[in-house]
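Student: So the chains spell out like this:
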Amino acid sequence: EPEVTQTPSHQVTQMGQEVILRCVPISNHLYFYWYRQILGQKVEFLVSFYNNEISEKSEIFDDQFSVERPDGSNFTLKIRSTKLEDSAMYFCASSEAGSGNYIQYFGAGTRLSVL
Amino acid sequence: GESVGLHLPTLSVQEGDNSIINCAYSNSASDYFIWYKQESGKGPQFIIDIRSNMDKRQGQRVTVLLNKTVKHLSLQIAATQPGDSAVYFCPLLGGFKTIFGAGTRLFVKA
Numbered sequence: 001e002p003e004v005t006q007t008p009s010h011q012v013t014q015m016g017q018e019v020i021l022r023c024v025p026i027s028n029h030l031y032f033y034w035y036r037q038i039l040g041q042k043v044e045f046l047v048s049f050y051n052n053e054i055s056e057k058s059e060i061f062d063d064q065f066s067v068e069r070p071d072g073s074n075f076t077l078k079i080r081s082t083k084l085e086d087s088a089m090y091f092c093a094s095s096e097a098g099s100g101n102y103i104q105y106f107g108a109g110t111r112l113s114v115l
Numbered sequence: 116g117e118s119v120g121l122h123l124p125t126l127s128v129q130e131g132d133n134s135i136i137n138c139a140y141s142n143s144a145s146d147y148f149i150w151y152k153q154e155s156g157k158g159p160q161f162i163i164d165i166r167s168n169m170d171k172r173q174g175q176r177v178t179v180l181l182n183k184t185v186k187h188l189s190l191q192i193a194a195t196q197p198g199d200s201a202v203y204f205c206p207l208l209g210g211f212k213t214i215f216g217a218g219t220r221l222f223v224k225a
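Protein chains in written order, with our numbering: chain A, 1 to 115; chain B, 116 to 225.
Isolated chain A, as found in the complex (with noise of 0.2 Å):
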C-alpha cells in the first residue's frame, strides 16, 4: 500500500541551527502539506503546497519557514533559525486533490529536538 514517508525520524539540532526535513508523498498526489504537534497537544496545520506554490499557510508558519519541492519526489519544510519552541513532531501529508473533499494521508513524523 502507498505511503508517505518522512526522513529522519528524529533529528536533533542545536538553537539558531538549519534544519531541513523530507518527505516523499504518494506519488500520484498532488497536494502537499506539513502539519506539527506539540508533545501533548493537538495536530496543527502549517502550510499546504499544489503546483510548486504555497495554497494556504497557518499564523505559525512564519518567515522561518519554507516549503519546497525540489524534484519530483521530495517535499521539504525548512526551519532556517530552530528555536526551542519549534521542538515539535513534524507531520508530512499528501491527498490526491484539495479543497477540503479529499483524504489526506500522513507520514509516521519527525521528532524534532531543538537544544
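These are computed hints drawn from the structure, not numbers from a lab.
Glycine included, every Cβ here is placed at the ideal spot set by N, Cα and C.
Hints are not guaranteed to be accurate.
Listed next, the in silico DSBU-like pairs over lysine-lysine satisfying Cα-Cα at most 30 Å (straight line) [what the hints assert, rightly or not]:
1) K186(B) <-> K171(B)
2) K224(B) <-> K157(B)
3) K42(A) <-> K183(B)
4) K42(A) <-> K57(A)
5) K171(B) <-> K224(B)
6) K157(B) <-> K57(A)
7) K157(B) <-> K83(A)
8) K78(A) <-> K157(B)
9) K42(A) <-> K83(A)
10) K78(A) <-> K42(A)
11) K186(B) <-> K57(A)
12) K57(A) <-> K78(A)
13) K83(A) <-> K57(A)
14) K183(B) <-> K171(B)
15) K83(A) <-> K183(B)
16) K171(B) <-> K42(A)
17) K224(B) <-> K42(A)
18) K186(B) <-> K42(A)
19) K157(B) <-> K171(B)
Just so you have them, the derived chain B footprint on chain A, three or more residues with Cβ under 8 Å [stated by the list, open to error]:
20) 14 to 21
21) 24 to 30
22) 71 to 84
Got chain A sorted already, so can you dock chain B onto it with the hints?
Tutor: Chain B alone, transformed into the frame defined by chain A:
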C-alpha cells in the same frame, strides 16, 4: 466560527465491547467528513469517511453515522480491541487544510 468538537476527551471500554465516539460540527455547509485515529508516536491515520448525502457508512468493524439535522457525527467500533487504543479525531475540513481538535482518547481495558 466553524468548529469541530468531540463530546468526551476520554473513553474507556472493555475489550470486546462496542465503542461509540461522538463529534459535533457547527458548519451546516460541511459536506464531507473524515475520521482519523492517532496511535502513540504515529501520524494521524485515515479510518473512514462519509459524504453529506449519506447517513451511514460501514467499514471493517467501524461504522460512521451522520445526523445532519443536529450536526452530529459518530464513530462506532465493534468488538473493540487493544489495537484500537488511540486518539480519534473528526477534524474540520476546509480549503487546503485540516483542523484537528483535541480528539477523544480511547482506552481499551483487557
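Student: If a hint holds in the structure, say so; if it does not, say that too.
Tutor: Each hint tested on the structure:
no. : hint                : verdict
1   : K186(B) <-> K171(B) : holds (14 Å)
2   : K224(B) <-> K157(B) : holds (21 Å)
3   : K42(A) <-> K183(B)  : holds (26 Å)
4   : K42(A) <-> K57(A)   : holds (17 Å)
5   : K171(B) <-> K224(B) : holds (28 Å)
6   : K157(B) <-> K57(A)  : holds (23 Å)
7   : K157(B) <-> K83(A)  : holds (23 Å)
8   : K78(A) <-> K157(B)  : holds (21 Å)
9   : K42(A) <-> K83(A)   : holds (19 Å)
10  : K78(A) <-> K42(A)   : holds (21 Å)
11  : K186(B) <-> K57(A)  : holds (28 Å)
12  : K57(A) <-> K78(A)   : holds (14 Å)
13  : K83(A) <-> K57(A)   : holds (19 Å)
14  : K183(B) <-> K171(B) : holds (11 Å)
15  : K83(A) <-> K183(B)  : violated (44 Å)
16  : K171(B) <-> K42(A)  : holds (28 Å)
17  : K224(B) <-> K42(A)  : holds (25 Å)
18  : K186(B) <-> K42(A)  : holds (23 Å)
19  : K157(B) <-> K171(B) : holds (28 Å)
20  : 14 to 21            : violated (count 0)
21  : 24 to 30            : violated (count 0)
22  : 71 to 84            : violated (count 0)
Against the hints set out earlier in the document, violations occur for numbers 15, 20, 21, 22.
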